Every structure is written in structure tokens, then in C-alpha cells.
Amino acid sequence: ACGDDSEAGTSGPVTLRLGYFPNITHAPAVVGVEKGIFAEKLGSGVRLETKTFNAGPAAVEAIFSGALDATYIGPNPTVNAFSKSRGEAVRVVSGAASGGVALVVKPEITSVEQLRGKKIATPQLGNTQDVALRYWLKEKGLRTTKEGGGDVTIVPQENAQTVETFGSGAIDGAWVPEPFVSRLVNAGGRALVDERDLWPDRKFVITNLIVSTRFLKAHPDVVQKLVEGQVAANEYVNTRPDESQQAISTHIGRITGKPLDLKLIKQAWPTLEFTNDPIASSLKTGLEHAVAVGLTQPVSLDGLYDLRYLNEVLAAQGKTTVVQP
Amino acid sequence: MTATTTAPVSATSAVALTGVTKVYGRGTNAVLALDRVSLDVRPGEFVCLVGASGCGKSTLLNLVAGLDRPSGGDIAVADGAHPGLMFQEPALFPWLTVEANVEVPLKLRGTPRARRRERVAELLRTVHLADFGRKRPHELSGGMRQRVALARTLALDTPVLLMDEPFGALDAMTRDILHDELERIWTERNLTVLFVTHNVREAARLADRIILLSSRPGRIIWSTDVAVPRPRRIDSPEVAAIAAEVTDRLRAEVGRHAA
Amino acid sequence: MTATTTAPVSATSAVALTGVTKVYGRGTNAVLALDRVSLDVRPGEFVCLVGASGCGKSTLLNLVAGLDRPSGGDIAVADGAHPGLMFQEPALFPWLTVEANVEVPLKLRGTPRARRRERVAELLRTVHLADFGRKRPHELSGGMRQRVALARTLALDTPVLLMDEPFGALDAMTRDILHDELERIWTERNLTVLFVTHNVREAARLADRIILLSSRPGRIIWSTDVAVPRPRRIDSPEVAAIAAEVTDRLRAEVGRHAA
Amino acid sequence: MPRDTLTRTDAELSGLDALDIAGREKETSRAARIWAATWPKLAALALAVAIWQLVVFSGWKPPWSLPGPLVVGEELLRQAGSAQLWDGIAVTLRRAAVGYVFSVAVGLLVGLAVARSTVLRAAIGSMITALQTMPSIAWFPLAILLFELSEKAIFFVVVLGAAPSIANGVITGVDYVPPLLLRAGRNLGARGLTLYRYVIAPAALPAIVAGLKQGWAFSWRSLMAGELLVVGISQTSLGAQLTYARELADSPWLLSTMIVILVIGLVVDAVFGAADTAIRRRWGVLDQAGR
Amino acid sequence: MPRDTLTRTDAELSGLDALDIAGREKETSRAARIWAATWPKLAALALAVAIWQLVVFSGWKPPWSLPGPLVVGEELLRQAGSAQLWDGIAVTLRRAAVGYVFSVAVGLLVGLAVARSTVLRAAIGSMITALQTMPSIAWFPLAILLFELSEKAIFFVVVLGAAPSIANGVITGVDYVPPLLLRAGRNLGARGLTLYRYVIAPAALPAIVAGLKQGWAFSWRSLMAGELLVVGISQTSLGAQLTYARELADSPWLLSTMIVILVIGLVVDAVFGAADTAIRRRWGVLDQAGR
Ligand SMILES: Nc1ncnc2c1ncn2[C@@H]1O[C@H](COP(=O)(O)OP(=O)(O)OP(=O)(O)O)[C@@H](O)[C@H]1O
Ligand SMILES: Nc1ncnc2c1ncn2[C@@H]1O[C@H](COP(=O)(O)OP(=O)(O)OP(=O)(O)O)[C@@H](O)[C@H]1O
Ligand SMILES: [Mg+2]
Ligand SMILES: [Mg+2]
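Residue numbers (the numbering used here), protein chains in the order written: chain X, 1 to 325; chain E, 1 to 259; chain W, 1 to 259; chain Y, 1 to 291; chain H, 1 to 291.
With the rest of the complex left out, here is chain X:
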């Protein structure tokens, strides 16, 4: 593509502060940064500053306070950021990843019925995985309550802790995203449900790219280039998995101090699909499910998606465009 196109009409260089998590579900972001794909697409007129987070809240706080312009983030914080700012603060401009979530249980549990009376962990009360688990149990006729009562006890806890509690036998299973699925499997767990099987086309959003409305208004051109970068990164990830996996391992190693086990990445890789489609429908359905299990009030997601730039980029490259809801 075009390397250096100095922007006409922009006064001085623009800084884009982009956030992401050093995590396998953020693979396009990690690979894009590691391989310089974003820098290349953004060109010399834009200075890229990357920030890493290890959980959604800080990223949302950073967006709210103006310390961050765009970030890769999960569906849950996306909805929170959108609804708490009454639809003002953020827009989804692209998808990034789908899938990579499963219910892992102790090997002796082989059927839904056996979950009765067991303790299952989710990452956080009311988040996508939590809702998915509750809704699924409900469909299977098992009762749960917000307080952890009912037929199955749901224990919301940090994913890191889930590994500990599963290892020590304090819980019987967990509905978690990668790489924790693989980690629990390696710790002797069995994937009872692959969440993809519950969705149409086996697709549901796990990571998407949001930008702050302010930045979007001020620098639509930069957002356009960012989306170009995202599309290119996805392209890279999908076409060169081995190099991507290596890049992810190294990059995470640089941030966290320890390279992520390459075997683990390879193990998790097939459960994930890297797509530019934010799969808006899955977000909506998830929200409906949350309402159905009584975890939230209905909120309007009108205006959350602004996929113009994505569709322009896709169209320019002759790829199929996505549905703007």
C-alpha cells in the first residue's frame, strides 16, 4: 500500500494513542504493533503511542478521561462505555476476533445434568461469558441466581484466580475465554461446551476496536488509517499464523516479562477466528440474553457502530463488506 502520504490540511503531526491487552484474543492488535503494520498504515504524519492494559475498566477510564483515543476491547466494556456515557463516548469501528470461549469442567463431568450442585466460575458478574453461561443453563433448565444460588453456583472471579481455584479443586468448571480455556484443559479440564456452537455461523464477538467519539470527529482520516491497519493486521494473522503466533509470544514476553508459551498459543489458535466483522448481532443477542436472565436493564445500542471506514477499506480491497446495524 501507500507508505508515506503526508496529510494535506492537518496542522502538525497527530498522535494516536492506541490501547490493547497483551492477550491472545487481541492477536490482531499485538501482531499489528509487533510487526509495525499500524505504523506503516498510519504513515509518518501520525505518531502512534501504544498503551497496554490488563483489564477493561482502566482502558475505559482512559478513554473517558481523554488519555486514550482508541483501544481493542471486549464486548462487555464496550457496552458499558457506550451506555454509561449515554451513547456519546465511543464508537465501534471494526471487529477483531470471534470465538475462543468454552466451558471447561472437571473430566468426570460429561453432561449438563451433572452440573447440578456444582460451582462454575465466570470472569465477572454480568459480563458476556457470565451471561452466556447463565442463559445456556437456563435453556437447559437449570436455575441460577445473581447471588450464587440455584441449581448451579456461579462464582464470578478473575481469570487468573480461576486457574488457581480450578487447580485446587475449589471449582468444578469455568466459562472463560482463551488462553484460559487452554490453560484449564492443560490443568486436567475438559471442554464441555465450545461457545461457538451456540451461535449462528459459529461467530460471536470477543474483541472489537473502539475509538473515542472525540477523536473520530477530529481525525476521521486517522481512524480510517487505523482501520486499514486493523484489516491489514487481520490479513497477516490469517495468512501467516506461524509468524503471528511467534510474534504474539515475543510481544507478550516483552510486556509481561515472560514470553507466552508458544504451545499454548498454538493450542488456542483454532478456537479463534480473526475477523473484521464486529458481529454486531451477537452483541445485541448477548444483551437480550442478559436481560432475559435478569442481569441488566435493556439498553439501546443505536449509534454504537460506525463501520463506514471499515466498509470503505474492505470495498477498496474488494472484500465483502459488513452489515452496519
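It should be emphasised that the hints constitute simulated quantities derived from the structure, not laboratory data.
Fair warning: this is a prediction, and the values are worked out from it, not measured in the lab.
Keep in mind that a hint or two might mislead.
To be verified - Straight-line distance between alpha carbons at most 20 Å, and here's what the computed EDC-like set of lysine to aspartate or glutamate pairs gives: (1) 61(H) x 148(Y); (2) 119(X) x 151(Y); (3) 146(X) x 151(Y); (4) 61(Y) x 148(H); (5) 203(X) x 235(X); (6) 152(Y) x 147(X); (7) 258(X) x 74(H); (8) 106(X) x 151(Y); (9) 61(Y) x 88(X); (10) 35(X) x 302(X); (11) 152(H) x 151(X); (12) 118(X) x 87(Y); (13) 146(X) x 250(Y); (14) 135(E) x 89(E); (15) 118(X) x 151(X); (16) 118(X) x 147(X); (17) 138(X) x 194(X); (18) 118(X) x 148(Y); (19) 146(X) x 87(Y); (20) 284(X) x 302(X); (21) 119(X) x 148(Y); (22) 258(X) x 87(H); (23) 119(X) x 147(X); (24) 35(X) x 49(X); (25) 135(E) x 122(E).
As the list claims (entries may be wrong) - Pairwise CB distance ranges (calculated): (26) 248(W) x 192(Y): 41 to 51 Å; (27) 43(Y) x 150(H): 56 to 66 Å; (28) 273(Y) x 97(H): 27 to 37 Å; (29) 38(H) x 259(Y): 49 to 59 Å; (30) 277(Y) x 121(E): 40 to 50 Å; (31) 69(H) x 43(Y): 54 to 64 Å; (32) 105(H) x 180(Y): 35 to 45 Å; (33) 192(Y) x 238(E): 54 to 64 Å; (34) 98(H) x 263(Y): 29 to 39 Å; (35) 138(E) x 80(H): 43 to 53 Å; (36) 119(Y) x 238(W): 38 to 48 Å; (37) 296(X) x 36(Y): 46 to 56 Å; (38) 114(E) x 97(H): 37 to 47 Å; (39) 281(Y) x 79(E): 32 to 42 Å.
Ideal Cβ positions, reconstructed from N, Cα and C, are used throughout, including at glycine.
Since chain X is already given, all that's left is putting chains E, W, Y and H with the ligands on it; use the hints.
Relative to chain X, chains E, W, Y and H with the ligands alone:
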């Protein structure tokens, strides 16, 4: 301190108390420590206060020093005379060496360092503790601590000196020597001294005037001028005679209470 | 305490010191406070220690009380006699009322509550502080605190009493009264008393024997038996004569050092 | 030269009048004292709220990121009307109380043991501060290993947070007991435990109370973190609410929860303050600082 | 009845001999002192490692959940060989130092101001403990709001954690200054600031040092949490390493990081311990506790 005005009531007094009353505590627990005490001390006068234990002598000195406020009455100290008080306890700063303790008032007055050193050494010699400058208070004997406190008070260099049983923990000989020293300093610097003691001979040895306080409430019940010419000796018959008179008065007073 | 054996050196002593040496500090800072002090105190004897300020009197009492270890020599106290020490400072517990302070040794001995009350009241009467039982130490005058400390030490009820200037902060009259009380208790309970004082008349008034310590290092340099029959009066000529002799000796000793 | 030292003016008070004055002084000052203790608090509160409102009005940050006092106040009222807040407070306070009591017991014991024994002090004395600096999350895995997902895991974290701080207070207190009082106690017949009971403990009390106060802060903070260990076992604790508020990016909720925590902190401080004042009155060191 | 009170046995020491003894005592005791201070630590360490190893051998928990001392030791050695650990320590220690110095300044100032002024004490005195109990994560949104994602945000969290604790130490210290010493100071001519400089500050020093120690623990814990606010690429702070070790469920890494934190805590405690010993020696309250 608000009740302490710096203008003297009469131009001839260094310290003037007018109807000074002091009540400690409140309500039913209140203790009347001093009751309408009036007292004029001339500049350069050496006044000794005697009285039974707990009659309010320390209270009086604290009030004159401005460390406490009287509940009633008025205290006036001559212009610019911040009275120096030597407490009944040594009240040394445990974190400072003996030297540094004595140096504190000099530092607070902004005396230059070299002069300070000199003065500290001189004062420690005066109290016969020249070798103990580097020790800390907890390494001293009771009497040594009292002498350090004396040196520290003398370092204040004030025209009005309030002393609360300054020689109570000293043996007779050391005491005699310090009597001489104190008298010398008093004459040289023309000090006004208000001196509390339990030793009536000491009072007779040092005082121009001896004042007797009654017990609870403390009131001035008797006073006498000591007309014995100086230099005096503590074992001279004149001093003994005065002491005997004071003792009799004191005995009568304490006896009245014990009855 | 390891050097304090409970078996007396000779069956006739209540307290026996043999070549007791005490060094404070280390290396070049070391102070030789006591140098080879040997002393036998008979059961029921009243011994007064006099000496210049800082000569090691308090050190000696502390050693006998077992609160410090001698650097050399041996201390023996008669069977079962845990000596009670009245410190030079009042050393009252600031968090306790006067009553409670006096009660501490009784509680520690397991005296029943009713008996304790009685005894505390009695002791406070002895020191003329019956009305001050509910006060806290900081609400008392210096002399009153000293009397509380006296009451507390008496509450210990030990056969051996060590007293470090117990009446130093008291007026002459109160002191006289307490001399009588102490003598009474001493006779009644057949106590052995080791008594430090700066007041040579007090020593002559109370003692069976007066011992003079030299200054740094503390050594026993002279001792005299007081043969004046009891009851004695502090202003009697016999007492005065003894006092004069002790004063002369003391003066010679302090003079030797000052020279 | 005889001088008249016994003059008295008529205007003087008699002794009894003086006692009266003392009594009256007290009465007039009671209302004044309460007012003197209250107005600065109100002023500080008013000032804080005013500044906050001004910053919000200035539009410096968007309202969803920094909500104004009114919005937060409404949220607080709404919360106060719902059972959830009160349940949360009840759960958390119960845990705090149990955890703290346990920490106090452990802290006092360890503190006394270390202060008393030279060997123990050399062995683990310096470990106490080191343990204090260990963040709560580091203990989570161990807590889970030992206690799985029970409330005990929370207590474990709380005790590891608070006990060292309390022990340190005890050690400081014991170390600074005036030697004269120790000697007095020993001479009066106190030995070993009785020496601790009659002399060392009361003499060290001010430092111990200071340590207990710091220990409360540690235990509370550890609890807020530790409550995430066992979420949703039946009730929603204050610590969980704080985290949820943050995860939901719900600033008014977060701020109102912070206010609740501050208020609890104020109440607890009042308790410690009362203890401290009582000690200072006993010791006769009250009312000196202002002068 | 004359008695011979002047007998001396030949076996007695002369005064000079006694001084000699004092000197010799010192020399023999230096090595002994070091040994006396060291062996309990070694014993405690050995005991801890032994128990740990025993638990691991017992097979109570799987090795990935509770690794043995050998595994952790190897990990620690590996870490010590890599630059990352040292970089992390350097980054974190630099932040800790800056944040702590700042906290000390703020804490001392606030503490002195509150201790000194009755109005300020009434206004914000009780707020100090309340602030102390506020968990670090509650401040994160405000920190990001005020300082975005800069190191200043970390310092903000650290200062809010540590300063109240230090201020509380100062207030306790000032409150318990013996009134007699205050009066002595005032009588010697100390007023206002000089009274603080010459009397109150040194008299309050033990409590202030105790507060500084607690403040260090608070600042360090806040830092460990706050370091997650700003994760820099290339240097990984200790706080981040702790969290990542936990997130990666890497028990040996977690345990070795904990050991590093403990060792840093021990070193810091040694510094405070030295300060404390110096003060106690000066005050003459040393060496009494053991007795
Ligand atoms: N801070 C205080 N609070 C309450 N009462 C006090 C306080 N200070 C002194 N008193 C009381 O005031 C009275 C006089 O005390 P003061 O110390 O002046 O006596 P004194 O003449 O110095 O006695 P002494 O010769 O024993 O030192 C005593 O009854 C004492 O109890
Ligand atoms: N803890 C200590 N550390 C170092 N030196 C000490 C200590 N206690 C006392 N000394 C020294 O020992 C000597 C004797 O002290 P001691 O207190 O026994 O004297 P004293 O005879 O009681 O004097 P006074 O009559 O003044 O009370 C003094 O020179 C003193 O400096
Ligand atoms: Mg007095
Ligand atoms: Mg002495």
C-alpha cells in the same frame, strides 16, 4: 500568658502579683491552689518562698513564668524580662547530650557558635560537670541532672530567675559551693530571684526576704526581711536564728493543718 | 540478678556486699561508679549512706535491689527478702490514680480486694494524702508524688527497705512527721533499712550507722555508729553533733575532690 | 526595708467565687466546644463540594467521567434506599470485624512475643515489616490453596495484611517504655507476664493504639481486595460493589461507594479518637498541642 | 557496736582492672553479637524452607499449584541472571523512592499542620484515617482523570496511600510529647516553629519513625497496585511482574517475585531498624526489652 502584661504595675517592681488566684480542674474536682496572692518583688531582690508540700509554690512560679494562666488576678513582669524557670524536675531533653541541653537557650537566642561553646563550657564548670558534657541525661545521677538543669537555666541569661528547689537533690557540700556561685552571679548580673526551697537554712543563707505560704489554698501568711549582711555562711548563728524563726512559723502553719 | 544470692554470707547480715564493683559503659567511655564496696547490714539495722552528688549511692541501691548486675563482687540478701526500693524519682505509673499506684504491689502479692482497700487507705493516711487517692500523678505537686512513692514502697511490706532520698522534696515539717512514721514502722516491723540522704541531720536523726562514700569511684571511706538513744529529735544537740562530724568528713572529702 | 506584701484589692475573688468561675467556664464552653468541633468539618465539607462542583461546571472532563455532586448525591440516595447497599455494608463490616479481631489477636501475640524474646526478634522481627509490604494479591493463590473459596480465605488475606502492622505498633510501644517505670515495676514484684500486664502494656498503650489504627486501615484495604476472592457467595460486599462500579464504568456508583467507605472510615476513626483522648486525659498530655 | 565495714578480700579487682574487664567484655561480645543476631534468622529460614519442602513432598497439592523450594530457587536464579528482574527492581525502586519521598513530605506537612492547629484537626483530622482505609483501586479512575496514563498517576495513588499513614504517625507523636518538656522548651524561649524544631519534633521522633515505617508499607503496596496503571514496554515493573505471574498461573515465578519483594522489605526494615536503634540508644531505652 494573656494575663501577663509586660508593663510593671509599679515602676519599682521586677515582678508584681495582684490578687492571683489559681484553680486546677473543674466542678467538684476543682482544687484551689492559690488564693489571692499579691506580691511585689523589687528589681535585684532575692526572695525565697517556703511552705508545706503542695501549698502552691510551683504553681506560683509557673504562673510568673507565663507557662500557665491565672484563674484570677494579674501578674506583671518588668519590661522585656522573660523570666527563666528552673523546674522542680530536671526536665532535660533526653535526646540531647548534656552540652547540647545547655546550648539550647543559647541557640534559641541566636548566639554565635564559638561564643556558645565557650559559654557552655563555662556554665558546666560552674556546676562542676565539665567532664560530663558528652554524656546523655540518662547516664547521670539525680544530682548531676539537677545541676545540668541549673546550667541550662543560667544559660538563659534573664534578669528574672525563678528557681524551684534547685538544690534539692544535692549534697550539703556541693550545695554550699553552688550557693556561693549563685550569689556571685546574682550580684554580678543584678538578678531578681524568686527561689522555692524546703531548706529554711538555705532560705536564710540566700534571701533578702523570706515568704511563707499557707497550705491549700496557698496564701501568703507571713514574710520577713533577712537583714544579715553578706557574705553569709550557712552555719553562722545569724542565719541559724532566722532559720529557727521560719521553722517555728512553718511548724505552726503545718501543725494548724494537721490538727 | 544472677550475682544476688539469697543465702546470706553470714547468718547475721540482712544485706552483705563483698567487693562490689560497678562499671557503666564500655571502653574509653567507661565510668567506674563503685569500686570494691564491702558492707554488712545487720537485720533490723538502719544504715544511712551519705556522699557527694554522683558518687554511686543510687547505683548501690539499684544493685542491692537486683535491678542491675554488679561488674564484680558479690551481693547477698537474707533469705526471702526481696528488697523494696524507693527510687530517687517518684517513678509513679502515670496511667494509674494515686490509689491504684499504691495498690499495685498489693495486687501483685495477691492481697484480697477488701484488705487491699483498707491497706491503701491506711498508707495514704500515713503519708498525709488521704484526700488525693483519686487524683492522677500529674495532678500532684512534687512532694506529694514523692509521698505517693513512699506509700507504694511501704505497701511492698518487705523486711529490707532501700530508700533513695525519700524526703528530698518535702518541707521540714512534713519531713519531721514522716521521720517519726518511718521510725515507728521500722521498729514495729523490725525492718532493715538502707537509706540515702543528702541531709546529714536526717541521717543523724534516723541512722544506727552512717556510711560515707567517696566520689568517683565510689568507695566506703568512713563510717560511724550513731549512739544517740531513741526517740531522737532532729534539733537535739546530740543529733547536731553527729551531723557536724559527718559534715566535716564530707567537706573534707568533697574538698579533696574539688582541689 | 519592710514591704507590704499582703495587700489585697477589693475587686478580688474569694476562693469560693473562683471555684464558681471554674464551674461556669465549663458550662458556657460545652456548646462552644461542640460548635468548635463541628464548624471546621462543615466548612471543609462545603469547600470540598464547592470545588468539585466548580470543576464539573468548568466542563474540564465529560460528565460521565466526572459526575457532579448532585448526580452522585442522587445516586447515593437511591443506593441508601435499596437493600443492596445496606446488605453490602453489613457483610463487609461483619467480615471486617471478624478479620480485625483476629488480626488484633495475632498481632498482639506476635508483637509481644517478638518484643520480649531477643531470639524471636532476631529471627522474625524484620520479617514483620517485610510481610507488611507484601501486596494482598500475592497471597491470593496461597489463600485459595489453604482455604479454597471460603470466607476463611478472605480472613487469611486480611490477617496477613493487618497483623504485621499491629505487631509493629506493639513492638514500638514496648521498645519505648521508660526504663524507670520498668524498674519500678520489677521492684514492686512484677515479673514476666505480670510485668507486661501492669507496666509494659499500659505504658505502651499509646503506641499500641496507633498500631491498631494503622492495622485497621490495612485490614480494611486488604478486605476490599480480598472480597473479590469470594464474590457472590450469597451477598454483594462493599469491596465487590467498588469493583463492579469500576467495571461497569459507573462513575456515580463508584463515587457514592467511595463516600460510603469514607464515612465508615470516619466512624471508625471517631472510635479510635475517643480511645486516644481517654488515654491522653489519663496520662495528662491532653490539650497541650494547641498551645 | 562498731562494725568493720571496710574489709576487702584480696580476690577483688582494682578499679583499673574493672575498666579492663569492660573493654574485654566488648571485644568478646562483638563476634557473639553478630552470631546472636544471625543464627535465629538462619534457623527461621531453614525451618520455613524445611516445612515448605515437607508439604510439597507430602503431595498435598499438585506441583504446578505449589512448587517446591528447589523449583522456585531455580526460577529465582534464572530470574537473577536475566536483566528483566533487575530492570523491574530498578524501575519499581525508583518509583517507590520518588513516591515515598513525596509522601513523606506531604505526610509530615499535613501531620504537623493538623497536630498544631485545632481548627484543621477538627476539620480534616478524622479524614486522615478515612483516607487511609480507601483502597488503591478506588483512586485509579481519579488518577487517570488527573494525570492520564503517566507516572504521575502512579505517584498520586502512592501518595494517597502513604501520606495519611505518615501524618497519623506525626499526630500521635506530637500528641504524646511530655508536657514537662514542652513547658521547658517554651521557657527556654522556643516558640511556634522553634518549639517544633527543638522540642516537639525530636520528642515525637519515635512515633514519627514508626509512622514512616507504616507509610513505607502502604506506599509499597499502593505502588504494586498502581504499577498496573501504566504498563511500559521494555521495562516491566515488579508490580506488573507480580500480576502477570499470577495471570499466567506461573507459580514459581510468582513465588520468586514474592521472595524478591520480601527481601526488599527486609532491607528497608533494616534501614528503619538502624534508625530506631540509634534513637533508642540516644534516649537510653535500649536493651531493656529482653530483661
Ligand atoms: N496540673 C494540675 N492539675 C490539678 N491539680 C494540680 C496540678 N498541679 C498542681 N495541682 C495541685 O495544686 C496544688 C499545689 O501544687 P504545687 O505543685 O504548686 O505545690 P508545691 O507547693 O510546689 O508543692 P511541693 O513542695 O510538694 O512541690 C496541689 O494540691 C496539687 O495537687
Ligand atoms: N545508666 C548509667 N549509664 C552510665 N553512667 C551512669 C549511669 N547511671 C549512673 N551513672 C554514673 O555513675 C555515677 C554514680 O551515679 P549514681 O546515680 O549512683 O550517683 P548518686 O550517688 O546517686 O548521685 P546523686 O546524689 O546525685 O543522686 C555517676 O557518675 C553517673 O554519671
Ligand atoms: Mg513544687
Ligand atoms: Mg542518686
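Structure-based check of each hint:
1. Between residue 61(H) and residue 148(Y), the direct Cα distance comes to roughly 12 Å. Compliance with the 20 Å bound is thereby established for this hinted pair.
2. The suggested pairing of residue 119(X) with residue 151(Y) holds, with an alpha-carbon distance near 16 Å, which does not exceed 20 Å.
3. Distance restraint check for residue 146(X) and residue 151(Y): the Cα-Cα separation of roughly 18 Å lies within the 20 Å cut-off, and the hinted pair is therefore satisfied.
4. With a C-alpha separation of about 12 Å, the suggested pair residue 61(Y) and residue 148(H) falls inside the 20 Å cut-off, and the hint holds.
5. Straight-line distance between C-alpha atoms of residue 203(X) and residue 235(X) comes to about 18 Å, which keeps the hinted pair within the 20 Å bound.
6. With a C-alpha separation of about 19 Å, the suggested pairing of residue 152(Y) with residue 147(X) holds against the 20 Å cut-off.
7. With a CA separation close to 16 Å, the supplied pair residue 258(X) and residue 74(H) stays within the 20 Å bound.
8. Distance restraint check for residue 106(X) and residue 151(Y): the Cα-Cα separation of roughly 23 Å exceeds the 20 Å cut-off, and the hinted pair is therefore not satisfied.
9. Taking the CA atoms of residue 61(Y) and residue 88(X), the gap is near 13 Å; set against the 20 Å cutoff, the hint holds.
10. In summary, the hint linking residue 35(X) to residue 302(X) is not supported, as the alpha carbons are separated by about 35 Å, beyond the 20 Å threshold.
11. Straight-line distance between C-alpha atoms of residue 152(H) and residue 151(X) comes to about 48 Å, which puts the hinted pair past the 20 Å bound.
12. Of the supplied pair hints, the one linking residue 118(X) and residue 87(Y) is violated, its CA atoms being roughly 25 Å apart against a limit of 20 Å.
13. This hinted pair checks out: residue 146(X) and residue 250(Y) have alpha carbons roughly 19 Å apart, not beyond 20 Å.
14. The straight-line distance between the Cα atoms of residue 135(E) and residue 89(E) is roughly 19 Å, inside the 20 Å bound, and the hint therefore holds.
15. The suggested pairing of residue 118(X) with residue 151(X) holds, with an alpha-carbon distance near 8 Å, which does not exceed 20 Å.
16. About 15 Å separates the Cα atoms of residue 118(X) and residue 147(X), which keeps this hinted pair within 20 Å; it holds.
17. A hinted pair counts as satisfied when its Cα atoms are at most 20 Å apart, and residue 138(X) with residue 194(X) qualifies at roughly 17 Å.
18. With a C-alpha separation of about 14 Å, the suggested pair residue 118(X) and residue 148(Y) falls inside the 20 Å cut-off, and the hint holds.
19. A C-alpha spacing of about 14 Å is found between residue 146(X) and residue 87(Y), which places the hinted pair at or below 20 Å, so the restraint holds.
20. The hinted pair formed by residue 284(X) and residue 302(X) meets the criterion: a straight-line CA distance of about 10 Å does not exceed 20 Å.
21. Of the pairs offered as hints, the one joining residue 119(X) and residue 148(Y) holds, with about 12 Å between alpha carbons and a cut-off of 20 Å not exceeded.
22. Restraint check for residue 258(X) and residue 87(H): satisfied, since their Cα atoms lie roughly 14 Å apart, inside the 20 Å limit.
23. For the proposed pair residue 119(X) and residue 147(X), the alpha carbon gap of about 13 Å is at most 20 Å, so the pair holds.
24. Using a Cα cut-off of 20 Å, the hinted pair residue 35(X) and residue 49(X) holds, with the two alpha carbons roughly 15 Å apart.
25. Between the alpha carbons of residue 135(E) and residue 122(E) the distance comes to roughly 17 Å, so the proposed pair stays at or under 20 Å and holds.
26. At about 49 Å, the beta-carbon gap between residue 248(W) and residue 192(Y) stays in the expected band of 41 to 51 Å.
27. For residue 43(Y) and residue 150(H), the Cβ-Cβ distance of about 33 Å falls outside the hinted range of 56 to 66 Å, so the restraint is violated.
28. Checked against the hint of 27 to 37 Å, the pair residue 273(Y) and residue 97(H) passes, with Cβ atoms roughly 33 Å apart.
29. Checking the proposed 49 to 59 Å range against residue 38(H) and residue 259(Y) shows it holds: the Cβ atoms sit about 51 Å from each other.
30. A hinted range of 40 to 50 Å holds for the C-beta pair residue 277(Y) and residue 121(E), which are about 45 Å apart.
31. A hinted range of 54 to 64 Å holds for the C-beta pair residue 69(H) and residue 43(Y), which are about 58 Å apart.
32. For residue 105(H) and residue 180(Y), the Cβ-Cβ distance of about 36 Å falls inside the hinted range of 35 to 45 Å, so the restraint holds.
33. For residue 192(Y) and residue 238(E), the hinted distance range of 54 to 64 Å is satisfied, since their beta carbons lie about 59 Å from each other.
34. In this structure the hint that residue 98(H) and residue 263(Y) lie 29 to 39 Å apart at CB holds, the actual value being about 32 Å.
35. The hinted range of 43 to 53 Å is satisfied by residue 138(E) and residue 80(H), whose Cβ atoms lie roughly 46 Å apart.
36. Distance hint for residue 119(Y) and residue 238(W): a CB-CB separation of about 59 Å, inconsistent with the stated range 38 to 48 Å.
37. Taking the beta carbon of each, residue 296(X) and residue 36(Y) are about 49 Å apart, inside 46 to 56 Å as hinted.
38. As the Cβ distance of residue 114(E) to residue 97(H) is approximately 39 Å, the hint placing it in 37 to 47 Å holds.
39. Here the CB-CB span from residue 281(Y) to residue 79(E) is close to 39 Å, well matched to the stated 32 to 42 Å.
Comparing the model with each earlier hint shows violations of hints 8, 10, 11, 12, 27 and 36; every other hint is respected.
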